[in-house]
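Given these sequences and hints, build the entire structure.
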Amino acid sequence: MAQNTRTVPVGTPTEVTQNHTKGGVGESTLRPDGTLKVTGEFAYSSDMWHEDMLWGQILRSTVAHAEIVSIDTSEALSMDGVYAVLTHEDLPAAKNYGMEFQDTPVLAYGKVRHHGEPVALVAADHPETARRAAAKIKIEYKELPLITDEASALAPDAILVHENRDDHHSGHVPHPNIVHRQPIFRGNADEAAKKADVIVKGEYTFGMQDQAFLGPESGLAVPAEDGGVDLYVATQWLHSDLKQIAPCLGLPEEKVRMTMAGVGGAFGGREDISMQILASVLALRTGKPVKMVYNRYESFFGHVHRHPAKLYYEHGATKDGKLTHMKCKIVLDGGAYASSTASVVGNAASLSVGPYVIDDVEIEAVGLYTNNPPCGAMRGFGAVQACFAYEAQMDKLAARLDMDPVEFRQINAMEQGTIMPTGQPVDSPAPVAELLRRVKARPMPPERQWETAGEGPDVRALPGGLSNTSHGEGVVRGVGYAVGIKNVGFSEGFDDYSTAKIRMEVINGEPVATVHTAMAEVGQGGVTIHAQIARTELGVQQVTIHPADTQVGSAGSTSAGRQTYMTGGAIKNSCEIVREKVLEIGRRKFGSYHPAWATAELLLEGGKVVTDGGEALATIADVLEDQAVEVEEEWRHRPTQAFDLVTGQGNGHVQYAFAAHRAVVEVDTELGLVKVIELACAQDVGKAVNPLSVVGQIQGGTTQGLGVAVMEEIIVDPKTAKVKNPSFTDYLIPTILDTPTIPVDYLELADPNAPYGVRGIGEAPTLSSTPAVLAAIRNATGLELNKTPVRPEALTGTL
Amino acid sequence: MDFLRPASWEEALAAKAEHPTAVPIAGGTDIMVEINFDHRRPEYLLDLNRIELLREWEVGEENVRLGASVPYTQIMEQLRAELPGLALASHTVASPQIRNRGGVGGNLGTASPAGDAHPALLAAGAEVEVESVRGNRFIPIDEFYTGVKRNALQPDELIKTVHIKKADGPQQYSKVGTRNAMVIAVCAFGLALHPETRTVRTGIGSAAPTPIRAKEAEEFLNAALEEGGFWDNGKIITPSIAKQFADLCSAAANPIDDVRGTAKYRRHAVGIMARRQLGWTWEQYRGADRTLEGAA
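The listed protein sequences correspond, in order, to chains A and B.
Start counting at 1 in the first sequence, then tack on 1393, and there's your number in our numbering.
Start counting at 1 in the second sequence, then tack on 2, and there's your number in our numbering.
PhoX-like, lysine-lysine: derived pairs with alpha carbons at most 25 Å apart:
no., chain 1, residue 1, chain 2, residue 2
1, B, 266, A, 2117
2, A, 1722, A, 1594
3, A, 1833, A, 2080
4, A, 1715, A, 1789
5, A, 2112, A, 1504
6, B, 266, A, 2180
7, A, 2117, B, 151
8, B, 151, B, 266
9, A, 2112, B, 266
Calculated directly from the structure, the hints in this document are not laboratory data.
Structure, rendered in structure tokens:
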């Protein structure tokens, strides 16, 4: 096997072995990678090294939209230490790739469509040499008019971002600068509006958020003797990468062997290809291993962002607080390349109603092609933007009706059995009203926590924090609530599956299970729970987690809150088959010694075959001896349907997740600075496979939602479509002083369709966190605040 | 890029005389960012880390002689009583790791209007001691900042120490940023009461091409305090005086719109900080401090 002839580079992830006597499903076992990450010893993809390796460097466009008139690489090529300087002309095969549409050039040809698009590529023996050589490449651009928003995209004479589209949405979209449009109609909104006592309209703007993962894009491509390439990379979905990489290299998929390298966070930003194809092209071209590592600046151009959005909502309600109808239009800016924009459109449309019962709706969501930075997957995936808007609407309606905002939401809360606007029934628990009740019932955090006995104020507890801007002056407290709905897993008829290979054998007299999947461990704790599931299903103490690679079938993406459900489900399923095989061997060997082998329900527990009555029949070691049992099986969730392109009807989603937040903030109303004091969350998690990880996911998602509420935004200059703040100096993410207490209250209402009843948990807290913080700031200031993030200028009238 | 590593101050001055384009580096918290971002590629870096005297300080009768490389952490921990404004400013500098490396010399050398130390130095009153092979001279802080990221240094000069007036009254410092820690100033303000001379000094950061004092505001307040006998009677400053002082501080600012904030917001925030700091420092002066000073 080619796998055995590889030179394994330094820093390649090693096998993770867990050896606990306990640690099955439902226990808070500790992460095998936790200590390594905290102590800085974990090998991330940027830590890899190979003898004789070269460094790859991309030259990116300095303008957003232009024809490429000429590229002159001669000076760069003549530099000492430079091994290759490539443009699109040097690419070996397919020139475009993409997850849903193959619209993204490996290296730009003809024109560039956004600021920071890869145009040329250098390999050199030192990263600094590579950077200098890239700077010596001369590119002449002829700038083109910019498409930056809905108006410029759909203007009668609008230049097309992509000409000659032939993707699967090109036939039905009303304009070629629209990636995808999804309408949903149910009932009769105009008729229902007549029953409304109040009607509230709002226009909302959601800023462009970055995933801001801490480990920048990086990887190592090693050319192989068979003409293929071994690629070590930090990604969210090995097999999706593989499907896109192989055609661009002109290689069959089996000659592109991928292994997961240490991932430093993802949040959707690693779902698209970054340096994978480019490093492989350079490795194949030079015959040498090639490492590529983006720096922080380049990382801001190296992955897609969360779609900025404009949302227009109209809701009506009767005076007793019953929602009558909803109309909305959601415009998502997909930027220059499609990425997952079409799916984000489907999500935004189908979840635009929120976790509420509204029978009469008119919904339209569109995703645009523009010359802004490409946008795609990020935690919450279209549902985040919608939740920000519909929750603002709920507060406005409650205020107009003079009702308590929580009570108003509870009156209209969805429950099990509610029909979604798509016609799909919600067929597992939907405890929306209960989640709201729980966050509301929590005691309030004490007031004026900055006051100390005798000494001056503790500024860390005040807006402005260590910057010492207030000692209590101007500070007003506000409280806000929000609740959201997120789908789990891949929707709209996608054949979503995962694969698990389970091997059981006896080593040194002990039964050992090996779990081999292609699941991307991006920090969510998958490797931890995989071992837990194997222990529970196979009754072994020792579980080895094989490194993730493409030598096993696809696990699907680590996104959409799906991995515990999907790869967890695949592992459970494969383990069940392994168990049956082990029992079958046992029956053949020992069946004649005890009647229970034939008559009783048998389990594997504590390294033994036991009856459901608890009687041990044999050790697994004695059953297997030197025989190994190995099973690789694909596992699927129940099928979904596409949404009808005209009516939006269809059972498009697998499962829903619900979370509610209460935000308590203190706002310095004179300086417009915000301190979030507490962000309490209640969420239904179906089943907490690892309770510690559940709380961690909820707190992390909550914090990411807080970030976009008060500080996180990629600022794109509308005049040039250039990114103005591609650094952590000016793209701010919350520090620990910005992160409030986050009490978590989780319910475990099993979803009968899901393995162990689990519900995807990672995304829902990111939805409701943002609007809860906004609601609290509105409550403190009395301002309308229709844009996120809220900047001090918006709170002080100094825009 | 050549990396020069003088072993002594004399060698450093000689190296700077020989290579006037050499960029001095101590903590590197500014320079390394610029190099990493490829904003500049100096021909020579002049490493000052082997020069012990730059990391020393001395508390004298009138002044604190602060070595250019004394890290912010030490200012926070060791010089809180003598330099309260600068200690507060130091506290707002970036992260603990950066505060362990960076010193005031770097802020002065870069002379960015966003440098955290500048408003505190302007408010306290200071002189920058610079030296070259030609000799040394003292540049009053008011004359030190000459333009955006430009200072009064000659090409062959290095910053040796800063002589900062020891506090003779309460001092305050605030910085506005859109995050509660580790943030570059949207704008900053420092204020120092000088009961010995019965004057008030201010410093504004990130709200003009250079760090500046709000001189008209100071003159107005000095006159108003004198006229009302406030230094002696220790009465609460009337809201109208505080408001006019704040308005004049706002007016002194000459900010721009950029990615961190609007000019309008910066002007507004400078006024709020000025009013609050006047309140905080005056409260402190009216209390324990004034009796200690024996102002009556």
